[in-house]
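Required output: the full structure, derived from the provided sequences and hints.
If you're matching positions, the sequence shown starts at 1 in our numbering and goes up one per residue.
These aren't lab readings, by the way, just hints derived from the structure by calculation.
Take the hints with a grain of salt, since some may be wrong.
Restricting the straight-line Cα-Cα distance to at most 20 Å, the calculated cross-link-like pairs of lysine to any residue (SDA-like) are [what the hints assert, rightly or not]: (1) K72 with T122; (2) K99 with S132; (3) K92 with I105; (4) K72 with M5; (5) K84 with V119; (6) K11 with K34; (7) K110 with A125; (8) K98 with E131; (9) K72 with V119; (10) K116 with Y80; (11) K99 with G86; (12) K98 with S132; (13) K98 with A125; (14) K116 with V76; (15) K84 with K34; (16) K34 with M5; (17) K84 with T122; (18) K34 with I10; (19) K98 with A67; (20) K110 with L75; (21) K84 with N113; (22) K99 with E127; (23) K34 with P85; (24) K92 with E114; (25) K98 with K110; (26) K98 with E144; (27) K72 with E14; (28) K99 with A70; (29) K124 with K84; (30) K116 with N130; (31) K124 with K110; (32) K84 with E107; (33) K84 with I105; (34) K99 with K124; (35) K99 with E131; (36) K4 with E14; (37) K72 with S132.
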Amino acid sequence: MDTKMIESLIKQLEQSSLNELELTLGEDSLHLVKAGPVAPAPVAPASNPVPATPVNPTPAAQPEQPAGTAIKAPLVGIVYLAPKPGADPYVKVGDHVKKGEVVCIIESMKMMNEIKSTVTGTLKAVEVDNESLVEYDQPLFTVEE
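Below you can see the structure in the form of structure tokens.
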């Protein structure tokens, strides 16, 4: 089958009442389907417009953040709050943490990165769940200095 023959078959299919043509010549096979007309999308009838009542926007209630300084994720990855599965977490709410103390691990690109506290104080909140995905600059812990 050459291109001239295929073009001729396409023209003949377009001019005929057939919707589909399948042809096999030796090892060559051809399957042509005629595109049907596109049906217009149904349109809903217009309803009588009702004047909108003014809405006073009220700000969405923000979850209350504990007072203190946030220890934030320095990279994107999976956070681990304990050194290994089943072990006690590095830190718990109420613990005293020192600047430079390891508070969790973030796995990124198959590398385990120790995350150290940037402040000294009392841990007030753990902002993430163990083994959850964290984004860059996402708060991990809140520490009251």
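Results of checking the hints against the structure:
Restraint check: the Cα-Cα separation between K72 and T122 comes to about 16 Å, which is no more than 20 Å; the hinted pair holds. Proposed proximity of K99 and S132 is contradicted: the alpha carbons are some 24 Å apart, above 20 Å. Pair hint K92 plus I105 holds up; C-alpha atoms about 14 Å apart against a cutoff of 20 Å. Distance hint between K72 and M5 is unfulfilled; the C-alpha atoms sit about 68 Å from each other, more than 20 Å.
Our distance criterion of 20 Å between C-alpha atoms is broken by K84 and V119, whose separation comes to about 24 Å. A C-alpha spacing of about 11 Å is found between K11 and K34, which places the hinted pair at or below 20 Å, so the restraint holds. Using a Cα cut-off of 20 Å, the hinted pair K110 and A125 is violated, with the two alpha carbons roughly 27 Å apart. Straight-line distance between C-alpha atoms of K98 and E131 comes to about 24 Å, which puts the hinted pair past the 20 Å bound.
Of the supplied pair hints, the one linking K72 and V119 holds, its CA atoms being roughly 11 Å apart against a limit of 20 Å. Straight-line distance between C-alpha atoms of K116 and Y80 comes to about 13 Å, which keeps the hinted pair within the 20 Å bound. For a cut-off of 20 Å, the pair hint linking K99 to G86 is broken: about 26 Å separates their Cα positions. Of the supplied pair hints, the one linking K98 and S132 is violated, its CA atoms being roughly 24 Å apart against a limit of 20 Å.
For the hint pairing K98 with A125, the CA-to-CA distance comes to about 15 Å; that is within 20 Å, so the pair holds. For the hint pairing K116 with V76, the CA-to-CA distance comes to about 15 Å; that is within 20 Å, so the pair holds. At most 20 Å may separate the alpha-carbon atoms for a hinted pair to count; K84 and K34 exceed this at roughly 62 Å. With a C-alpha separation of about 17 Å, the suggested pairing of K34 with M5 holds against the 20 Å cut-off.
The straight-line distance between the Cα atoms of K84 and T122 is roughly 24 Å, outside the 20 Å bound, and the hint therefore fails. Proximity of K34 to I10 is assessed by CA-CA distance (about 9 Å); at most 20 Å being required, the pair is judged to hold. Annotation: proposed proximity of K98 to A67 holds, straight-line Cα distance about 18 Å (limit 20 Å). A C-alpha spacing of about 13 Å is found between K110 and L75, which places the hinted pair at or below 20 Å, so the restraint holds.
Restraint check for K84 and N113: the C-alpha separation of about 13 Å stays at or below 20 Å, so the hint holds. Straight-line distance between C-alpha atoms of K99 and E127 comes to about 18 Å, which keeps the hinted pair within the 20 Å bound. A distance of roughly 60 Å separates the Cα atoms of K34 and P85; the hinted pair therefore is violated under the 20 Å criterion. Straight-line distance between C-alpha atoms of K92 and E114 comes to about 17 Å, which keeps the hinted pair within the 20 Å bound.
Under the criterion of a C-alpha separation no larger than 20 Å, the hint pairing K98 with K110 is inconsistent with the structure, at around 27 Å. Restraint check: the Cα-Cα separation between K98 and E144 comes to about 11 Å, which is no more than 20 Å; the hinted pair holds. Among the hinted pairs, K72 with E14 is inconsistent with the structure: their alpha-carbon atoms are about 65 Å apart, more than 20 Å. Our distance criterion of 20 Å between C-alpha atoms is met by K99 and A70, whose separation comes to about 13 Å.
A hinted pair counts as satisfied when its Cα atoms are at most 20 Å apart, and K124 with K84 does not qualify at roughly 23 Å. Under the criterion of a C-alpha separation no larger than 20 Å, the hint pairing K116 with N130 is consistent with the structure, at around 16 Å. Restraint check for K124 and K110: not satisfied, since their Cα atoms lie roughly 30 Å apart, outside the 20 Å limit. A C-alpha spacing of about 12 Å is found between K84 and E107, which places the hinted pair at or below 20 Å, so the restraint holds.
For the hint pairing K84 with I105, the CA-to-CA distance comes to about 10 Å; that is within 20 Å, so the pair holds. The suggested pairing of K99 with K124 holds, with an alpha-carbon distance near 15 Å, which does not exceed 20 Å. Pair hint K99 plus E131 does not hold up; C-alpha atoms about 24 Å apart against a cutoff of 20 Å. Restraint check for K4 and E14: the C-alpha separation of about 15 Å stays at or below 20 Å, so the hint holds.
Pair hint K72 plus S132 holds up; C-alpha atoms about 14 Å apart against a cutoff of 20 Å.
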